[in-house]
Amino acid sequence: MIKFNKVFMAYPKGSLALKDASFHIKKSEFIFLTGHSGAGKSTVLRLIYAEHQPTSGEVRVSGYHTTGISSRETSKLRRRLGIVFQDFRLLVDRTTEENVAFALEVTGTRRGVIGPKVMRVLTQVGLAGKARSYPGQLSGGEQQRVAIARALVNDPFVLIADEPTGNLDQRAARGVFQLLQDINTNGTAVVLATHNLDLVRRANYRNIELQDGEIVFDSGNDTREDMDE
Amino acid sequence: MRLIFREVFLSFRRTPSLSALSIITIAFALFVVGLFGLVAVNLRLALADIEERVEIVMYLRRGTPRAAAVAARADIRSFPEVESVEYVTADAALERARSELVEFRDVFGDLVTNPLPASLEIRLKPGFRDGQNVALVAQRLTGFRFTDDVRFGREWIAKLDRLRDITAAIGLFVGAAFALASVIIIGTTIRMAVIQRASEIAIMRLVGATDGFIRRPFLLEGAIKGALGGLAAVALNFAAHQAVNRTLIETSFFSDAQAGLIVLFGTLLGLLASALSVRKHLRQV
Numbered sequence: 000m001i002k003f004n005k006v007f008m009a010y011p012k013g014s015l016a017l018k019d020a021s022f023h024i025k026k027s028e029f030i031f032l033t034g035h036s037g038a039g040k041s042t043v044l045r046l047i048y049a050e051h052q053p054t055s056g057e058v059r060v061s062g063y064h065t066t067g068i069s070s071r072e073t074s075k076l077r078r079r080l081g082i083v084f085q086d087f088r089l090l091v092d093r094t095t096e097e098n099v100a101f102a103l104e105v106t107g108t109r110r111g112v113i114g115p116k117v118m119r120v121l122t123q124v125g126l127a128g129k130a131r132s133y134p135g136q137l138s139g140g141e142q143q144r145v146a147i148a149r150a151l152v153n154d155p156f157v158l159i160a161d162e163p164t165g166n167l168d169q170r171a172a173r174g175v176f177q178l179l180q181d182i183n184t185n186g187t188a189v190v191l192a193t194h195n196l197d198l199v200r201r202a203n204y205r206n207i208e209l210q211d212g213e214i215v216f217d218s219g220n221d222t223r224e225d226m227d228e
Numbered sequence: 000m001r002l003i004f005r006e007v008f009l010s011f012r013r014t015p016s017l018s019a020l021s022i023i024t025i026a027f028a029l030f031v032v033g034l035f036g037l038v039a040v041n042l043r044l045a046l047a048d049i050e051e052r053v054e055i056v057m058y059l060r061r062g063t064p065r066a067a068a069v070a071a072r073a074d075i076r077s078f079p080e081v082e083s084v085e086y087v088t089a090d091a092a093l094e095r096a097r098s099e100l101v102e103f104r105d106v107f108g109d110l111v112t113n114p115l116p117a118s119l120e121i122r123l124k125p126g127f128r129d130g131q132n133v134a135l136v137a138q139r140l141t142g143f144r145f146t147d148d149v150r151f152g153r154e155w156i157a158k159l160d161r162l163r164d165i166t167a168a169i170g171l172f173v174g175a176a177f178a179l180a181s182v183i184i185i186g187t188t189i190r191m192a193v194i195q196r197a198s199e200i201a202i203m204r205l206v207g208a209t210d211g212f213i214r215r216p217f218l219l220e221g222a223i224k225g226a227l228g229g230l231a232a233v234a235l236n237f238a239a240h241q242a243v244n245r246t247l248i249e250t251s252f253f254s255d256a257q258a259g260l261i262v263l264f265g266t267l268l269g270l271l272a273s274a275l276s277v278r279k280h281l282r283q284v
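Taken in sequence, the protein lines are chains R and D. Residue numbering for the first sequence follows numbering that gives the first Met the number 0, starting at 0 and increasing by one per position. Residue numbering for the second sequence follows numbering that gives the first Met the number 0, starting at 0 and increasing by one per position.
Some clues are possibly wrong.
Within a straight-line C-alpha distance of at most 27 Å, the following computed DSS-like cross-link-like pairs (lysine-lysine) qualify [to be verified]:
#: 1; chain 1: D; residue 1: Lys279; chain 2: R; residue 2: Lys75
#: 2; chain 1: R; residue 1: Lys2; chain 2: R; residue 2: Lys25
#: 3; chain 1: R; residue 1: Lys2; chain 2: R; residue 2: Lys18
#: 4; chain 1: R; residue 1: Lys75; chain 2: R; residue 2: Lys25
#: 5; chain 1: R; residue 1: Lys12; chain 2: D; residue 2: Lys279
#: 6; chain 1: R; residue 1: Lys5; chain 2: R; residue 2: Lys116
The following label-pair restraints were derived from C-beta to C-beta distances [stated by the list, open to error]:
#: 7; chain 1: D; residue 1: Phe172; chain 2: R; residue 2: Ser55; range: 20 to 26 Å
#: 8; chain 1: R; residue 1: Tyr133; chain 2: D; residue 2: Ala167; range: 54 to 60 Å
#: 9; chain 1: D; residue 1: Ala175; chain 2: R; residue 2: Gln52; range: 49 to 55 Å
#: 10; chain 1: D; residue 1: Phe8; chain 2: R; residue 2: Gly186; range: 38 to 44 Å
#: 11; chain 1: D; residue 1: Arg12; chain 2: R; residue 2: Gln136; range: 19 to 25 Å
#: 12; chain 1: R; residue 1: Arg131; chain 2: D; residue 2: Ser251; range: 57 to 63 Å
In case anyone wonders, no lab produced these hints; they're calculated from the structure. Remember, it's a predicted structure, so these values are computed and weren't measured experimentally. Don't be surprised by glycine CBs; every beta carbon is placed ideally from N, CA and C.
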């Protein structure tokens, strides 16, 4: 599904952001990616959604090798991923349903299919009643749910979330976390980068901990085995 | 497709003054090109008209036998450039002078001997009526033994030719300068549009929109601006043409195909400008 094999990543002017990282994320798995700011969590996520390519080593996502991947292939890959950020990244001049529909429109989905699909995911994230609200009229937690709905609407096999609760109070954070757990229960893998240890403690999921670009702990700890598969 | 047009419409609404500026610059660029084009078109028509009347007159030495003149006529007629040759005898020349120059009828009437020489009047085929060919034929005519003089409007033919060339060159040069300005201005508006929509573009990329899809509304925007500018230019040229007709001289306007070419050129210019800009600036988003 997602495989990192001896991945090194250096930014143009900076030290190594990732050193010799190897791990394998399986289908429908829920993974915490933890560590301090600058530990390399976001780098791992960017490598997954092919925003960056590894300096050396190999990143494989759903059959795509991201080294030397073309922009067309990158687009295809991203249609199979759902991506969520700390700052929501919603279009403030569009309603909830327009924000979600946007992800379908720009990937060329037929118009007839868009409406029902959007309503389905909005119901799933509990925002069917706020379809016509603008982001400015929603709470932080609700805005993050819109972003999650947008990430889900293309039926991704994995949801990648970069500090999705970072801007939320504890109650909203727990609500979003619960939503991610529900999504995972339905078979979508989740990779959740966070330094909110409260969340990590609440569930017994695999935890990959990064420090200065190195994996210092992996509770899954079955990396070797998987690489030999 | 609907989505793309919506984006284009939104972009026009977001930056109305910049959009208008792009259209106006393109319109002016093509207006200037068009004006010079109009001058060139009309000059060419006028030249064709004048050139049709171009004649080379070869005056014969006094006492040239008629047989020699007739033989020369046949000879000259076989030149590839020559359409027709007319032999005008000294008597016929005098007759013509009498009827054409009415004011001097008395002078011609009192003459005892005919002062006018016989001549051969040569007309060239269309396509050979420019200065260079006329001079070439004239040169050849001086080779006949009994040629006294060869006359043709060498200078003004050459001048008209040069005027047409200069008009075309100035038109192209000034037009190119304006075209460059419009490429820069359209490029700037596209750049601003890209920056303004940076977050939107970033989201489009994240959810897997292709680069082509992201680029398309910008390209369409440039092409539409170019086409509008081209249409405006044709309209301005038409207005100028009408004004000249009313106040100065009767002139011709572009053919439909030529007018269409101006609009097409505007469209391509807009497309090129946006393509260059969007390629450069999308990388920075």
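We went through each hint and held it up to the structure:
no.: 1; hint: Lys279(D) - Lys75(R); in the structure: holds, 23 Å
no.: 2; hint: Lys2(R) - Lys25(R); in the structure: holds, 9 Å
no.: 3; hint: Lys2(R) - Lys18(R); in the structure: holds, 15 Å
no.: 4; hint: Lys75(R) - Lys25(R); in the structure: holds, 20 Å
no.: 5; hint: Lys12(R) - Lys279(D); in the structure: holds, 22 Å
no.: 6; hint: Lys5(R) - Lys116(R); in the structure: violated, 39 Å
no.: 7; hint: Phe172(D) - Ser55(R): 20 to 26 Å; in the structure: violated, 54 Å
no.: 8; hint: Tyr133(R) - Ala167(D): 54 to 60 Å; in the structure: holds, 57 Å
no.: 9; hint: Ala175(D) - Gln52(R): 49 to 55 Å; in the structure: violated, 42 Å
no.: 10; hint: Phe8(D) - Gly186(R): 38 to 44 Å; in the structure: holds, 41 Å
no.: 11; hint: Arg12(D) - Gln136(R): 19 to 25 Å; in the structure: holds, 23 Å
no.: 12; hint: Arg131(R) - Ser251(D): 57 to 63 Å; in the structure: holds, 60 Å
Going down the numbered hints, you'll see the structure goes against 6, 7 and 9, while the others check out.
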